[in-house]
Amino acid sequence: MLQVWLDVSRAEFKRIVRNSFMVLIVVYLPIMSYVMRWALPKLNEAAKSYFTLSTYYPMIACILTMILPFMMGIVMGLQLLEEKDEDTLSAVMVTPFSFPRYFFFRVIFYMTLGVVLLIFSHQIIGIVKLPFWAVLVVGICMLPHTMIGALVVGLIAENQVQGFAVMKGSGLLFSGPVLSFLIPQHWDLLIGIIPLFWPVKAYFLAATVGIGGFFWLAIALGVVLQCATAVVLYRLFIRKMFGGE
Amino acid sequence: MITVKNLWYTYPKSKEPTLKGLDFHIDDGEIFGFLGPSASGKSTTQKLLIGLLKGYKGEVSILGKDAKSWGSDLYQDLGVGFELPNHFLQLTGLENLKLFSSFYKKETRDPMELLKLVGLEEAADQRVKNYSKGMMVRLNFVRAILHDPKLLFLDEPTSGLDPTNAKKLREIILKLKKEGKTIFLTTHNMHIADELCDRVAFIVEGKIALVDSPRALKLSHGELQVRVEYRKDGALVQEDFPLHGLGKEEGFRALLDADELETIHSREATLEDVFIKETGRSLR
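Read top to bottom, the protein sequences are chains A and B. For the first sequence, position 135 (counting from the first letter as 1) is numbered 135 according to the working numbering, and the numbering increases by one without interruption. For the second sequence, position 180 (counting from the first letter as 1) is numbered 180 according to the working numbering, and the numbering increases by one without interruption.
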């Protein structure tokens, strides 16, 4: 099984690096993180007479890094749409590998890519000092969002053109949880209905208050809510793909 | 190998059934042609048999088991060549075959050997998005036989191929038959069906009009005559003679002796003639 996963992952990696648009989606946030590593301290220095930019560092770091697993899901969703357009999925479905296995093998690839990029970008930007293991925990908590990203694209878009539109619009899904940083404590919990809120909340807690009980509670709630959302979306996706046929 | 009894299928958003009680049987080692015009139910039947469509009524047995009781293991012994090429365009031809070969538990055929078989060895490392339609069709075909399946579904296998490659593919199909493979061939090309198939079924508006061997159909719907063509005073003349007792036919013998004949053809029907006669429809 590991060999098949490696074969599927290798093919997926080649498909990304041979498509300049996909490469752009994958690398632009890590590149932005690298740029911000140098730009933010200078901006903070320049603006210090007016306001303290460093107060908002957790929010900026969150925008640039926490969205990466979700973005990798979007990339997978776009690849799925291409396969649907080209009918390649039918070719996979008439092999013993089966569609669900193919789907989950690829989700695991994109999850791995997403969490690696998240940790890499977070360490590169370096403006929020957190223990490596805490970044890893938040990154792992974000993993179901890779699957959610792929399924949102797969469910809403009918073709790649619509897929790009969904990709642009999906930023809204992320904006609520990120903007909760600006909302007074406790009131921000109203956004808790959005699954992405909880890993983002855990990150903010770790960056501002410290890693304690609430951090772990947010992580646990994040995992449960996101997994539940991913399961519901997967069922809807399968119904859309094969329902009634 | 395949038995279909009273097969009905209606698409979810349709009121009218697409398949209306199909019955047919395919023996081991047979090439069975499924002929019909566009929207006659050919592709729907194939999709049901290969498991891409579910929710049919009737009985379908495939590779010795009820189709509904098969899981994904069915595809260890079943290969599908789709009508339209459907590859991973950013991967090369060789990478496509290697990826698909990793999906099978059993040993698969050497991808490079298969590419050679259809003349794609020099394009093995080229991305499929740069292939011509004919190259993609050939890649489709070898992907279907990658795992050496016992049962092969081919949908318009030579569509989009030049005559040389189409001939090469037909020869490979006949070689597969000699190896004992069972082949379900969907086509509206009666020449291919005539050349390759042991039996053909004509499907029109979701019903099978008739099933028989191409030879039997052509003989039963043709005339037992030969038509000769020759020139007389520069003009082309056609004349028909009864096939039985042809050797004693005076007029025919006179033409033979005069050494004036240009062509001689028996007047059996073509499969297209039979189709039109039986169904009142054209195969286009």
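The hints are simulated quantities; they were obtained by calculation from the structure and are not laboratory data. Backbone N, C-alpha and C define an ideal beta-carbon position, used for all residues, glycine too. Careful: at least some of the hints might be erroneous.
[Stated by the list, open to error] When the alpha-carbon atoms are kept at most 20 Å apart in a straight line, the in silico SDA-like pairs for lysine to any residue are as follows: (1) Lys47/B / Pro100/A; (2) Lys47/B / Pro96/A; (3) Lys133/B / Leu6/A; (4) Lys14/A / Ser102/B; (5) Lys54/B / Met1/A; (6) Lys54/B / Pro37/B; (7) Lys106/B / Phe13/A; (8) Lys98/B / Lys240/A; (9) Lys68/B / Glu83/A; (10) Lys106/B / Leu6/A; (11) Lys47/B / His25/B; (12) Lys54/B / Thr88/A; (13) Lys133/B / Val4/A; (14) Lys129/B / Met22/A; (15) Lys129/B / Arg18/A; (16) Lys84/A / Lys105/B; (17) Lys133/B / Ile183/A; (18) Lys14/A / Arg127/B; (19) Lys54/B / Phe13/A; (20) Lys98/B / Val4/A; (21) Lys68/B / Lys14/A; (22) Lys84/A / Leu53/B; (23) Lys105/B / Met1/A; (24) Lys106/B / Pro96/A; (25) Lys240/A / Arg127/B; (26) Lys207/B / Lys98/B; (27) Lys98/B / Arg239/A; (28) Lys13/B / Phe242/A; (29) Lys98/B / Phe242/A; (30) Lys133/B / Asp85/A; (31) Lys54/B / Ser43/B; (32) Lys129/B / Asp87/A; (33) Lys68/B / Leu225/A.
[As the list claims (entries may be wrong)] Example chain B residues on the side facing chain A (calculated, C-beta under 8 Å, incomplete): (34) Phe24; (35) Ile50; (36) His87; (37) Phe103.
Checking one constraint from the list: CA of Lys47/B to CA of Pro100/A, max 20 Å. Satisfied?
holds (19 Å)
Regarding the pair Lys98/B and Phe242/A, is the alpha-carbon distance no greater than 20 Å?
violated (27 Å)
Does Lys240/A lie within 20 Å of Lys98/B when you go C-alpha to C-alpha?
At roughly 30 Å apart (the allowed maximum being 20 Å), Lys240/A and Lys98/B break the hint.
Check whether the Cα positions of Lys54/B and Thr88/A lie no farther apart than 20 Å.
Status holds; Cα separation ~19 Å.
Does the structure keep Lys133/B and Leu6/A at a Cα separation of 20 Å or less?
violated (30 Å)
Checking one constraint from the list: CA of Lys105/B to CA of Met1/A, max 20 Å. Satisfied?
Answer holds: Lys105/B to Met1/A is near 10 Å, not above 20 Å.
Would the pair Lys84/A and Leu53/B pass a check requiring their Cα atoms to be no farther apart than 20 Å?
Holds, at roughly 16 Å.
Given hint Ser43/B paired with Lys54/B - CA-CA distance at most 20 Å:
holds (14 Å)
Pair hint Lys54/B and Phe13/A, alpha-carbon separation not exceeding 20 Å
Given that 20 Å is the threshold and the Cα spacing comes to 33 Å, the pair is violated.
Between Lys13/B and Phe242/A, is the straight-line Cα distance small enough, at 20 Å or below?
Distance of about 13 Å is within 20 Å: holds.
Taking 20 Å as the top limit, are the C-alpha atoms of Lys129/B and Asp87/A close enough?
holds (14 Å)
Need the status of pair Lys133/B, Asp85/A: alpha-carbon distance at most 20 Å?
holds (16 Å)
Comparing the model with each earlier hint shows violations of hints 3, 5, 6, 7, 8, 9, 13, 16, 17, 19, 21, 25, 26, 27, 29, 33, 34; every other hint is respected.
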